[in-house]
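> The residues making up each chain are set out below.
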Amino acid sequence: MTERSTTKKSNYSRRDALRLMAIGGAAGLFAPNLLGKPAFAQNPPASPTGRVVVGLSQEPTVFNPLMPHIEADEAVHFSVFDALVRMDPKGVLQPNLVVEVPSQKNGGISEDGLVWRIRLRDDVRWHDGKPFTAEDVKFTLELITNPKFRAWRTAGHSLVRDIKVVSPTELTWRMEEAFAPYQSFLAETFMVPKHILEKEADPNAAAFNQAPVGTGAFKWAQRVAGDHIELVANADYAGEGPYLERLVFKYIPDMTVLYTQFKSGDIDLVDQAFITADHYAEASQLSDRMVKLEPGASVESIYLNLEKPQFKDPAVRQALYAAMDRKSILEALYYGIHKPTETFMPQNSYYYNPNLPAQEFNLERAGQILDEAGWVPGADGIRAKDGVRLSFANSTTSGNHLREQTQQFLQQTFAEIGVEMTISNLPAAVMWGDFWLKSQFESAISGVTNVIAGDPDVSNRLHTKAIVAKGGKGSNTGQYSNPEVDALLEKGARTFDREQRRAIYLRVQEIVRQDLPFLPLFAYTNVFGRKQGLEGFEANSNTRVASWHAAEWHWKD
Amino acid sequence: MTALAANAGPTRWWRSRTVRRFTSHHLALLGVAMITFLTLACVFGPHLLPYDSLYIDLRARFSPPLTGYHYLGTDPLGRDVAARLLMAGRTSLLVAFFAMLLSTLIGTLVGVIAGYRGGWIGAALMRTVDGFLSFPSIFLLLALAAALKPSPAMVTVIVAVTSWMEVARIVEAEVRSLREREFVLAGRMLGLSGAHIMFREILPNAMGPIIVAATLTVAHAILLEAYISFLGYGIQPPLPSWGNMLEGAQQYLDSAPWLAIIPGAAITMAVTSFNFIGDGLRDALDVRDDHV
Amino acid sequence: MRGFLLNRLSQSLILLLIVSVIGFFVLNLLPGGPLAQFGLDPSMTQDDLDRLKEQLGLNRPLLMQYLDWAWRLLQGDWGHSFRDGAPVLAVIGRHVFATLLLMGSSTAIAIAIGTWIGIRGATHRYSLFDYMATVGAMVALSIPTFWFGLVGIYIFSLQLGWLPAGNMYTIGDGSVLNYLHHLILPSIVLSLVHVAIWSRYMRSATLDAISQDFVKTARAKGLSERRVIMKHVVGNALLPMITLAGVQLPSILTGALVTETVFTWPGMGRLFLDSLGYSDYPVVMGLLMFSAILVILGNLIADIAVALVDPRIRLG
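Protein chains in written order, with the UniProt record's numbering: chain A, 1 to 557; chain B, 1 to 292; chain C, 1 to 316.
No lab work stands behind these hints, which were simulated from the structure alone. Just so it is clear, the structure is predicted and the values come from calculations on it, not from any experiment. Be a bit skeptical, because a hint or two may be false.
[Stated by the list, open to error] In silico BS3-like cross-links for lysine-lysine, where the CA-CA straight-line distance does not exceed 30 angstroms: (1) Lys339(A) to Lys149(B); (2) Lys90(A) to Lys438(A); (3) Lys105(A) to Lys90(A); (4) Lys491(A) to Lys438(A); (5) Lys231(C) to Lys216(C); (6) Lys470(A) to Lys149(B); (7) Lys312(A) to Lys90(A); (8) Lys308(A) to Lys53(C); (9) Lys148(A) to Lys53(C); (10) Lys385(A) to Lys149(B); (11) Lys164(A) to Lys130(A); (12) Lys231(C) to Lys473(A); (13) Lys138(A) to Lys90(A); (14) Lys199(A) to Lys149(B); (15) Lys216(C) to Lys199(A); (16) Lys148(A) to Lys130(A); (17) Lys138(A) to Lys53(C); (18) Lys105(A) to Lys385(A); (19) Lys308(A) to Lys263(A); (20) Lys105(A) to Lys130(A); (21) Lys53(C) to Lys149(B); (22) Lys194(A) to Lys164(A); (23) Lys130(A) to Lys149(B); (24) Lys53(C) to Lys465(A); (25) Lys216(C) to Lys194(A); (26) Lys470(A) to Lys53(C); (27) Lys149(B) to Lys438(A); (28) Lys53(C) to Lys438(A); (29) Lys164(A) to Lys105(A); (30) Lys148(A) to Lys470(A).
Chain A on its own, in the form it takes in the complex (with noise of 0.2 angstroms):
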């Protein structure tokens, strides 16, 4: 434990500050695009060398890959197990323990979707040594389904039915029915080894799940609770990389201690939840330092529970937006680093909208609205209409302060036009419990990520039979219904065709902008921070985690 020289100094060079230049000037936006896999694939070592420590803010428990986890715990599973695709930065599904990437172009998918062929690679070993085949497939996809095993979700998998191991590297199954999301959801499957679990009485309690096995570019080493979780290079891997000897995962529960830590060097990359916003400015001051913005799947907005009174007029929805100030708070109160956005879809993914019409903030035109629908102040100047007073409360996460401060500042403004907000916030255990999930709120700020694994579906959160307060199942927390939304969801749900897709999805973005369910105040951008000399690395937004392919991260000589 005493290496003190595998972290490499960097040798902090001219072409260095002029290639960081060239990027700090092309903006997050398509910059790991920029140096593309050739550009940073160009000299790895020979052999893994080095290590990098990664700072994460939460800690990671949970390593069984198929069981109920956090953010934090995939960056380890992206580096000890593999799935049978991979999310590009780009939203593109490619090649990982599978050959080709199924599709009904390739017929890996029927014409109907409902029969799914896989082949896969015939070189990927686990890290006992014993061979990856499709055995092990097939008993992942049976674990998550199996009653008995405290799988985290379910959908998609439970529409699989009738696996058949063809030969060792090819399977097929058939789908109850057809449902495009579930290439994407592969991508976050992480395949267990059948050889270790199938011995266990109980999947639960295993010991694989303190100490994991998989085929992915680093093999579990040892996990000091309450501070780090060390992997080591698995010198047999299938796919590219490893080219570091040591990943360590270090968990520093503290925002600011996490980035000052990354400022003094003991952390060479800043994983979940990132540099936070006030330490931007600094932080890309700092030389022998990559800090950029990354733009996040996440979008902070206003969730209102439509069926309250207060929010059942879509005129009261709309002067609330209008009386929103985002700039200012966008501005002041996180330092200008997250984005405006019109919609709940990542700004960069195929699926986002851009053409939606921009929020104004103008008081005068919100108060207007407000006239004009009938509600007018009374004695204690809020404004009501048929016995309903203009007051409501909002509710978050207490002790998130950079929310108090927005909820606060919010307070302010809404009070102008005659709109009487309370603030009511709770611990995070009780806030996004039934609370929120039972929509018992009046109104809540929540960032929320609606994709998944950068599938533009979003049932779960828009459709009607979402709404858990009248029966459904999903987190349509807000009760939004509308029946055109509804149509359009299953529709797109069925529909592998990414173009098609696409027009779906932007017609969903245009209805949702025009009823406003929710208010959207930003959409995340990320602060990134790497040590400089730290190379292969790449963002991507499709993923919950920064460290979702360490297999080609090295040091630069």
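Following the hints, position chains B and C against chain A.
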């Protein structure tokens, strides 16, 4: 046969030994002076300052102390820290004061009954006290804060519910020792009811330790409120309290250290004052020094 | 003695019962729960959450859940963490070292400095030193620990850059020096309150001892004042300190909680806060029981120490 009678005797109360002892206790007087100053500042100060504690001005955010009329600087929303500090003082001191009243009431009630009745009732009550004391106080604080909507009244209840046990213990011990005294036995022989003996005869004689414990409870309550609000579970914004002014201050420790230093200094000052006063009262009222 | 122990044992069991019942029901009656952390996960549907609730046994009646938990505990099974599925004792065990290290070093500081201040204050009663020590102790007891930690970080880490702002060690550097470097600030912050308490106790214990007859005799025999103090007074005053140590035993868990949070120290206090945040009931319950056992042990040690010191008190 009451505490006052015993202490005051025929002389005027302000000439009593208790008062003389207290006024000769320099620290206690300092404590009284500091807390009087703080209270007056919190009551009248906000009216004298040019800014309202809730007025948001994003252009003036993070002004360091002594910027224009922002004597103590501004916070991340550009609100005046001095105005907020004084308004927060109102919240924190009121919460602490009422929490003290409530917890002293609960603690005294439990302590008197347990000490006087003894037997299985006493044992059951005192084991419950032990049970409450065995919990890390943060557990009860956070659990209650999660279950109840954190309004100032609720925060008061939460603080009280987690700090009555010490009073109960002190009162129980005191009552147990008074139970066998002549005046109590006399009362029993006269056929006075249990409640009468407990609250009219014994309680006044146990007032000394209760007053001392109550004073120290105010100090404790200020710290507890600060603690839960610091963790984000206490007094909710925009209403300021000393604790929630500290919430998030760690993030700005490097760029705006006054956000952390000023409210913490106010808390320390208030708590120290009450501890000084408690110490003086302990000497003046002849309370045994069992507790530090 | 035997009667005392039996009585103590039965009382301890009742206490554990009370703590476990209150803890369990309070925890489970809180809104939210262990699945709330997936409330924002786009890929978890209500179906998944219902299924997990069923699989974790959380939809059974509360009393059943409690009895099940208690029955397993009696058999030595503390359950498994909801978060990582590891046995609760293993989860707690992983955090014990960090807390012991921090508590140990701060207690050492507290005893060393507190004892010195206490004895000096007692032997130089009403001196300027004594007065300052009294005032200092009361001020120290009034400072919010988390705030003191923040001020410490501001001065020594951010302004002077002498000490690290957090963590137990730098990754890749497991040397003792590195640990010590990280240990300085949190253990000083944590010891502040303890120095205050120890010095007050030591002062009054020493004063008590000085007024005893044997000290007067020793003085009369012409022993030097220093010898009298060191041999007779301190020896006698130290015993009550064991009582204090016993009473303070439970603070191993809670005393370090705030400090561990401020200094991102990977100990049990932070485990407790994290587990509470994730509603990881088995771990929280385990820590509550652990803390209750420490309370019982601490009181026992204190009582025995008192009995040993003071022959007038008989255990029974």
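> Evaluate each hint against the coordinates.
Hint check results:
With a C-alpha separation of about 34 angstroms, the suggested pair Lys339(A) and Lys149(B) falls outside the 30 angstroms cut-off, and the hint is violated. For the suggested pair Lys90(A) and Lys438(A), the alpha carbons sit about 35 angstroms apart, so the restraint of at most 30 angstroms is broken. Of the pairs offered as hints, the one joining Lys105(A) and Lys90(A) holds, with about 20 angstroms between alpha carbons and a cut-off of 30 angstroms not exceeded. At most 30 angstroms may separate the alpha-carbon atoms for a hinted pair to count; Lys491(A) and Lys438(A) meet this at roughly 27 angstroms.
In summary, the hint linking Lys231(C) to Lys216(C) is supported, as the alpha carbons are separated by about 13 angstroms, within the 30 angstroms threshold. This hinted pair checks out: Lys470(A) and Lys149(B) have alpha carbons roughly 26 angstroms apart, not beyond 30 angstroms. Pair hint Lys312(A) plus Lys90(A) does not hold up; C-alpha atoms about 38 angstroms apart against a cutoff of 30 angstroms. Between Lys308(A) and Lys53(C) the alpha-carbon distance is near 28 angstroms, which keeps this suggested pair within the 30 angstroms criterion.
For the hint linking Lys148(A) to Lys53(C), the alpha-carbon distance of about 12 angstroms falls within 30 angstroms, and the restraint holds. Our distance criterion of 30 angstroms between C-alpha atoms is met by Lys385(A) and Lys149(B), whose separation comes to about 28 angstroms. Between Lys164(A) and Lys130(A) the CA atoms are separated by roughly 21 angstroms; this keeps the pair inside 30 angstroms, and the hint holds. Under the criterion of a C-alpha separation no larger than 30 angstroms, the hint pairing Lys231(C) with Lys473(A) is inconsistent with the structure, at around 76 angstroms.
Only pairs whose Cα atoms come within 30 angstroms are accepted, and Lys138(A) paired with Lys90(A) is accepted, the gap being roughly 29 angstroms. For the hint linking Lys199(A) to Lys149(B), the alpha-carbon distance of about 49 angstroms lies beyond 30 angstroms, and the restraint is violated. For the hint pairing Lys216(C) with Lys199(A), the CA-to-CA distance comes to about 77 angstroms; that exceeds 30 angstroms, so the pair is violated. Distance restraint check for Lys148(A) and Lys130(A): the Cα-Cα separation of roughly 26 angstroms lies within the 30 angstroms cut-off, and the hinted pair is therefore satisfied.
Of the supplied pair hints, the one linking Lys138(A) and Lys53(C) holds, its CA atoms being roughly 26 angstroms apart against a limit of 30 angstroms. Between Lys105(A) and Lys385(A), the direct Cα distance comes to roughly 57 angstroms. Violation of the 30 angstroms bound is thereby established for this hinted pair. Of the supplied pair hints, the one linking Lys308(A) and Lys263(A) is violated, its CA atoms being roughly 47 angstroms apart against a limit of 30 angstroms. Note on Lys105(A) and Lys130(A): the hinted pairing is violated, with a Cα-Cα distance of about 33 angstroms set against a maximum of 30 angstroms.
For a cut-off of 30 angstroms, the pair hint linking Lys53(C) to Lys149(B) stands: about 25 angstroms separates their Cα positions. For the proposed pair Lys194(A) and Lys164(A), the alpha carbon gap of about 15 angstroms is at most 30 angstroms, so the pair holds. Under the criterion of a C-alpha separation no larger than 30 angstroms, the hint pairing Lys130(A) with Lys149(B) is inconsistent with the structure, at around 56 angstroms. Restraint check for Lys53(C) and Lys465(A): the C-alpha separation of about 21 angstroms stays at or below 30 angstroms, so the hint holds.
For the given pair, Lys216(C) sits about 81 angstroms from Lys194(A) by alpha-carbon distance, which is inconsistent with the 30 angstroms threshold. Restraint check: the Cα-Cα separation between Lys470(A) and Lys53(C) comes to about 20 angstroms, which is no more than 30 angstroms; the hinted pair holds. Proposed proximity of Lys149(B) and Lys438(A) is supported: the alpha carbons are some 18 angstroms apart, at most 30 angstroms. Proximity of Lys53(C) to Lys438(A) is assessed by CA-CA distance (about 15 angstroms); at most 30 angstroms being required, the pair is judged to hold.
Simply put, Lys164(A) and Lys105(A) have alpha-carbon atoms about 22 angstroms apart, close enough for the 30 angstroms limit, and the pair holds. For the hint linking Lys148(A) to Lys470(A), the alpha-carbon distance of about 28 angstroms falls within 30 angstroms, and the restraint holds.
In this structure, the hints that do not hold are numbers 1, 2, 7, 12, 14, 15, 18, 19, 20, 23 and 25, in rising order.
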